[in-house]
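**Student:** Residue numbers (this note's numbering), protein chains in the order written: chain Z, 1 to 150; chain Y, 1001 to 1335.
The set of hints was computed from the structure by calculation and includes no laboratory data.
Hints may be right or wrong, so weigh each one.
Unchecked claim - Straight-line alpha carbon distances no greater than 25 Å define the calculated BS3-like cross-link-like pairs of lysine-lysine that follow:
1. 11/Z / 1011/Y
2. 1011/Y / 1135/Y
3. 11/Z / 1135/Y
4. 1168/Y / 1158/Y
5. 1135/Y / 1092/Y
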Amino acid sequence: MSYREHLPETKGYPRTAIAINAVVALAVTALILWWAADFAVFYEELFRIQPVAEGANAGVGSDWTSGNQVAWLDFLIAITHAADVIMGVFILFMVFLHWGAFRRLAGRMRQSGETGSSAVAADGGRVTDDAAGEDATDDDSAATDGGERR
Amino acid sequence: MTQLDHGKFSKMTTTFHTLLALDVFVLFFSGYSLMFNDELWWMVNLMGGSSGVSAVHRIAGGGLIALIVFWMLMMVTTDTGRGNFREILPSKGDFDAFIQDVQFLLGNADERHPNARQFAGGTADEIPLLTYIGKGVVFIFAIELALLTISGILIWSKTGVMDLLATKTAAAAFVTFHGLLGVIMLMGVMFHIFEHGFHPALYPVEVKAFIPKSMIPEDHDDDTEGTGIEQLELSPSWNMASTVVGAMTVIGIVSVLLGSLFDEGYPVPREIAIGGGLTDILLTVGINMGVFVLLLGLVLQMYGNLLRVRWQRRLEQEDSEPATATDGGHVESDD
């Protein structure tokens, strides 16, 4: 009897699609990176006309000051900081939510050292009772079968 | 092997997940050792200084572009990919699952909602392909990866951005944006590692992300009431391990969040911020803890793949020795 008889028929992805798409993906990546590398400008060709800041910041280095005051870039950074904080708080909440749920679920499981002959996993597998077996020999006060010990 | 719960991923998806995870870990280690170089100076040194780190980050970035393009093509060009698209759309069940998780934590609900259940056990038929967290991960990571890739390509050659926006500081702004954007993903991955590594029934790793669905037996015992989690034995190390890693995950998330707020990139500050003092020591410890959680994730995903190889060998062995092949479910714990 082959083990495959117990395994589900699953619809995976066709091999040819994987192969073709992998090749296309590599080609597209090469194109993108070629473009990104070509995007570079020789530094001496940069800024033949410098932006100038008006008012109090005018003068030497005013092109830097001007570039440092682009409103939409400033807004972009501010909104990303805000997104970080909102998502960070949300993710932290999810960590605590799962941590708590895991502790509750763990409380329902048989604790190590408990004896139990019905150690059958839900997937049909059997849980080996090495630890439980060893403990059982020197710990006669083990909980009754299937009992929950908290 | 009690971790062998219901299968979800196809063989292509398990392989893709592993490659994406490896690539993203390398991007995190190289990228955040640059952004948090005050705290992770040792990682910069380890990768050969700033030029070494940039090289590593660019190579891994190229890998990420290839992986993303490949995945998008697979989702669009294959029937399975198009068919799965429906599965990731949020539903009312997902919102209910979130509410029920809160109720479960408070003790007002007895079970987690099917849309939240990571361990299905006897209830495998009820649960959808993705949990509500799974759907969130798909959406958030897809948006994040797309924006990170676009901004990453833009800053691949800094002079190009400077020329385009006619200002030198534009490059600084886009680098800052790229780093700040990744923080959401960084925090999310830390949570992802805790969520899938420390579920008591599946600890230390949820193998359904590593063993393809086609290799997981589906003969569930329908007589079992509920998930049947009461019949599983809790690993003796779970309590300690989940407490330590849970704490590290929380400290890591808080630290990278604070670190990102302190990091000024644009507008480029007038004065150099000189670090030091107690807060910087705490931040250094915290960010390093976060990096440790990532490293643990890397190790756990390797372990997941190791379990897959062992399981595959076991199936092949049972296949070649028909006498010992039983119901396909006689599996011993690997730890």
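**Student:** With reference to the structure, classify each hint as holding or not holding.
**Tutor:** To see whether the hints hold, each was checked on the structure:
1. 11/Z / 1011/Y: This hinted pair holds, its Cα atoms lying about 10 Å apart.
2. 1011/Y / 1135/Y: holds, 20 Å
3. 11/Z / 1135/Y: Given pair residue 11/Z, residue 1135/Y holds - Cα atoms ~21 Å apart, limit 25 Å.
4. 1168/Y / 1158/Y: holds, 9 Å
5. 1135/Y / 1092/Y: Distance of about 13 Å is within 25 Å: holds.
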